[in-house]
Amino acid sequence: MEYESKKSWWLQALQTGLIGGVVAVLVSLIGMVASFHERDIIAGQITMGQTVLLLIVIVFAYFSSRGTETTNVSNRLISGALTGLVTASFIVGLILLGKAVNLREVLVNASPALYKILTFEMENLTTAYIYLLLGGTVIGLLSAMIHLIPSVWRNAVINGLLLVLLIALLQDLIRLILVPFPSITKALAWMFGTKGQEGLSVVGAITVFLIVTLVNLFSTAQGDNMRKRIQSLPKGSQQGLRWITWIIIAALLLIWPRVAGTYLSEVTNTVGLFILMGLGLNIVVGYAGLLDLGYVAFFALGAYTMAVLTTTGGEITANFQWTFWEALPVAIFMAVLAGVVLGIPVLRIRGDYLAIITLGFGEIIRIMFLSDFLKPHLGGSFGIVLIASPTFGNLSLNTPQTLYYVILAGCMLALFVAYRLRDSRIGRAWKAIREDEDVAQAMGINLTSTKLLAFATGAAFGGLSGAIFAAKLSTVYPHSFVLLVSINVLALIIVGGMGSLPGVIVGALLLVGLPELLREFSEFRLLIYGALLIAMMLNKPEGFIPEAVHLRELHEVEEEDNVTQTAVA
Amino acid sequence: MSNILTAENVTKRFGGLTAVGRLSIEIPEKSIYSVIGPNGAGKTTFFNCITGFYHPEDGDIIFDGRSILGLSSDQISQRGISRTYQNIRLFSNLTTIENVLVGQHALLKSTLLGPIFGLAGTKREEAEAVIEAKRLLAFVSLLRKGDLLAKNLPYGDQRRLEIARALASKPKLLLLDEPTAGMNPNETEDMTKFIRRLRDELGITILLIEHDMRVVMGISEKITVLDYGEKIAEGTPKDIQGNERVIEAYLGRGSAAQITA
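So the sequences go chain by chain: A and B. Read left to right, the first sequence gives residues 1 to 569 (our numbering). Read left to right, the second sequence gives residues 1 to 261 (our numbering).
These are calculated hints, taken from the structure and not from any lab test. Yeah, the Cβ is synthetic: ideal placement off N, Cα and C, and Gly gets one too. Errors might be hidden in some of the hints.
[Said to hold, decoys possible] Pairwise CB distance ranges, derived in the manner of DEER restraints:
id: 1; chain 1: A; residue 1: A548; chain 2: B; residue 2: L17; range: 21 to 29 Å
id: 2; chain 1: B; residue 1: N152; chain 2: A; residue 2: Q231; range: 21 to 29 Å
id: 3; chain 1: A; residue 1: Q238; chain 2: B; residue 2: K109; range: 27 to 35 Å
[Said to hold, decoys possible] Here are the computed lysine-lysine pairs in the DSSO-like style, where the Cα-Cα straight-line distance is at most 30 Å:
id: 4; chain 1: B; residue 1: K170; chain 2: B; residue 2: K123
id: 5; chain 1: B; residue 1: K151; chain 2: B; residue 2: K109
id: 6; chain 1: A; residue 1: K540; chain 2: B; residue 2: K151
id: 7; chain 1: B; residue 1: K231; chain 2: B; residue 2: K134
id: 8; chain 1: B; residue 1: K222; chain 2: B; residue 2: K172
id: 9; chain 1: A; residue 1: K235; chain 2: B; residue 2: K193
id: 10; chain 1: B; residue 1: K170; chain 2: B; residue 2: K30
id: 11; chain 1: B; residue 1: K238; chain 2: A; residue 2: K235
id: 12; chain 1: B; residue 1: K193; chain 2: B; residue 2: K172
All chains, please: the whole structure from these sequences, using the hints.
This is the structure in structure tokens:
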């Protein structure tokens with residue numbers, strides 16, 4: 001630390017620029033820029049690939065000028081510009097190198113198309129270099145200037161830019177949603193690129209940016225006012241307001257599949273299943289601190305139990321042909337049983353060792369389903385087909401839009417249970433074990449039963465999710481239950497915030513929903529995952545929505561001073 | 001007065017090292033009893049044997065008329081022994097009041113279904129537990145800080161919170177491992193008064209490990225001195241102060257002669 005602070009600000013700016021440059025070259029050479037180039041952010045003006053490069057310059061310059069110790073304004077601006085310049089010079093360097101030597105023999109992505117993107121399709125290379133270097137410096141300077149504007153404005157501007165990016169990325173989906181409403185489609189046509197083009201139009205982008213920024217400004221200015229006004233209301237009306245908010249949220253959740261259409265409902269369902277798993281794993285890892293890397297096993301057991309009990313395919317020995325609702329409790333029970341069976345041998349094992357053992361457990365379950373030995377019963381690598389869909393009265397809930405309600409109900413149930421347990425005696429015992437296992441035990445907590453309860457409750461949610469998953473696809477294969485699912489669920493908890501319930505939802509939307517919507521970038525999904533996790537751990541290790549502290553409003557209590565006459569300091 | 005805890009020939013070895021050797025101690029009910037000795041004398045190891053963190057190789061520990069040998073630390077806690085730690089070990093990411101509530105764990109009954117369905121019994125139990133926790137926090141003057149995370153409390157507060165958490169399980173015997181470590185003379189003075197109040201007002205027997213001789217001599221009714229895991233002296237503060245072996249253990253051979261000379 002001491003060494004850091006002694007380092008002069010411009011050296012630091014230079015160093016940040018170097019890192020930024022390396023990152024920019026890296027994303028270019030792995031093909032990310034070229035692949036993202038297919039997507040327009042602003043039709044005909046700027047593509048996603050160029051946006052990635054821009055963002056790198058902006059982010060690194062922003063952090064470089066933030067990291068500058070000095071309060072000297074000009075130093076901050078210069079360090080931002082310097083970082084931008086260094087980063088840009090790396091891109092120039094890459095082009096120069098690429099033109100001089102044939103990089104393509106080793107790096108397949110160093111294609112002429114890449115250079116075209118990097119030079120912004122300028123013919124004259126010398127002007128391109130000058131533009132790039134100048135551009136990098138100016139953008140670096142501008143990002144450094146973000147620090148100078150008041151935080152209210154800064155947040156509004158950043159939110160505005162982010163939303164332009166998000167809407168531009170999701171514009172085809174938005175248009176898809178709007179198809180049933182031709183009048184709105186027509187009215188909003190100016191916002192998007194013309195036929196055949198993707199992304200927002202220039203006017204659309206500016207409008208979105210302005211609206212978001214202004215709404216943001218207004219809401220921060222008025223937010224405090226509103227909060228005060230709500231707090232000054234009588235208790236009854238406050239309660240009423242809360243009810244109204246809940247009713248609006250409930251109504252939105254209920255009509256969502258009608259608005260969203262088939263594709264978005266499908267994505268929502270996937271997110272919902274991951275929320276369910278996240279809530280379960282959150283009890284094991286977030287509450288009780290037991291690092292479980294084999295969580296997918298419970299998901300798989302729920303799915304296979306549902307499959308075996310309800311299949312009408314006749315390809316496996318079992319021929320129960322139960323309905324979904326009959327099989328559901330059994331599927332959950334099987335997962336819980338597996339949770340306990342796994343729990344007993346690993347009770348004494350801690351931390352890293354626990355992670356390794358649970359990892360093995362997850363793999364064992366998958367390989368068991370894959371095995372030839374159990375093929376007559378579980379279908380081996382062919383899996384099990386023709387799994388029953390849930391029914392509601394005479395209605396078969398087999399479309400994404402109808403299945404959505406089953407998943408919604410499951411998520412609500414899991415949320416409710418997790419919420420109720422959080423501040424209960426058991427929830428506190430879980431958190432105590434997470435904090436210090438030995439002390440928790442010395443406080444009278446029975447580690448065996450408390451840990452098993454955590455495993456069992458977590459497994460139940462996983463089993464529920466798996467059972468619905470099987471019914472949703474109507475087929476199960478062993479390869480749906482790979483280690484990556486466990487990792488995904490763990491990552492979404494970490495990104496959302498360990499132990500935090502809203503964090504699970506945000507994490508699932510971010511790590512499952514967004515990649516699902518941006519399918520063409522799926523090649524780089526794991527890379528972005530990794531980068532996001534590292535950035536998260538460095539800057540916000542507690543997650544996007546950190547675990548809430550349960551306040552009992554004790555600070556307002558007048559201390560009973562007569563009880564503590566001989567007060568201890 | 002009967003003995004609440006009797007240790008008979010307790011022996012704990014780590015490999016070839018005998019951390020506690022054939023230690024016998026009798027602790028009378030409602031007394032303040034101190035265990036002292038130089039660093040590494042085996043005091044904390046002895047505490048760990050009593051609370052079930054370690055299992056002694058030999059000997060027996062009788063608490064409240066029954067042997068607690070071989071019990072796990074949660075069972076021992078439920079019998080009525082509670083402790084604090086030399087290096088404070090709070091649940092740092094829980095709030096002050098939650099730490100005390102965890103201390104009440106064994107006294108409460110609810111499991112999964114009670115809180116999920118919001119059963120009346122569970123709600124009542126929880127409300128009573130919070131009232132009890134507030135009472136304990138008031139007792140250690142921490143009620144106002146009940147909503148702070150334990151890790152954000154100042155050092156002295158953390159020490160007292162640890163005691164409040166230990167008290168929450170309604171122990172008959174409280175083991176305090178260096179409660180005044182790292183405190184200034186004023187804080188030490190207050191802590192000493194506080195420990196005496198615990199015994200006088202709550203009727204809890206106190207077993208104390210302490211380095212500060214003023215504290216030890218001021219409040220203990222009986223003292224046992226350990227050195228290299230063995231008992232080298234036992235008696236009232238007066239007996240111990242004049243004991244040659246004790247002075248030798250603390251200051252080295254020959255010192256006793258110099259001091260008495």
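Quiz item: Between K231 of chain B and K134 of chain B, is the straight-line Cα distance small enough, at 30 Å or below?
Solution: Violated - the C-alpha atoms of K134 of chain B and K231 of chain B are around 41 Å apart, more than 30 Å.
Quiz item: Between A548 of chain A and L17 of chain B, does the C-beta distance stay in 21 to 29 Å?
Solution: 47 Å, violated
Exercise. Given the hint that K540 of chain A pairs with K151 of chain B, test it: the Cα-Cα distance must not exceed 30 Å.
Key: 19 Å, holds
Quiz item: Are K235 of chain A and K193 of chain B close enough, with their CA atoms no more than 30 Å apart?
Solution: 45 Å, violated
Quiz item: Is K151 of chain B close enough to K109 of chain B, meaning Cα to Cα at most 30 Å?
Solution: 28 Å, holds
Practice problem: Would you check the hint for K222 of chain B and K172 of chain B, treating anything up to 30 Å between C-alpha atoms as holding? | Solution: Holds: K222 of chain B and K172 of chain B sit about 18 Å apart, inside 30 Å.
Quiz item: Holds or violated: K238 of chain B with K235 of chain A, Cα cutoff 30 Å?
Solution: 64 Å, violated
Quiz item: Taking 27 to 35 Å as the hint, is the beta-carbon distance of Q238 of chain A and K109 of chain B inside that range?
Solution: Since the Cβ atoms of Q238 of chain A and K109 of chain B sit about 34 Å apart, the hinted range of 27 to 35 Å holds.
Quiz item: Keeping to a limit of 30 Å between CA atoms, is the pair of K193 of chain B and K172 of chain B held or broken?
Solution: 19 Å, holds
Practice problem: Could you grab the alpha-carbon distance between K170 of chain B and K30 of chain B and see if it respects the 30 Å cut-off? | Solution: 14 Å, holds
Quiz item: For the pair supplied as a hint, K170 of chain B and K123 of chain B, is the alpha-carbon distance within the 30 Å limit?
Solution: 21 Å, holds
Self-check item: Cβ separation of N152 of chain B and Q231 of chain A, checked against the hinted range 21 to 29 Å
Solution: 26 Å, holds
Taken one by one, the earlier hints fail for this structure at numbers 1, 7, 9 and 11, listed in ascending order.
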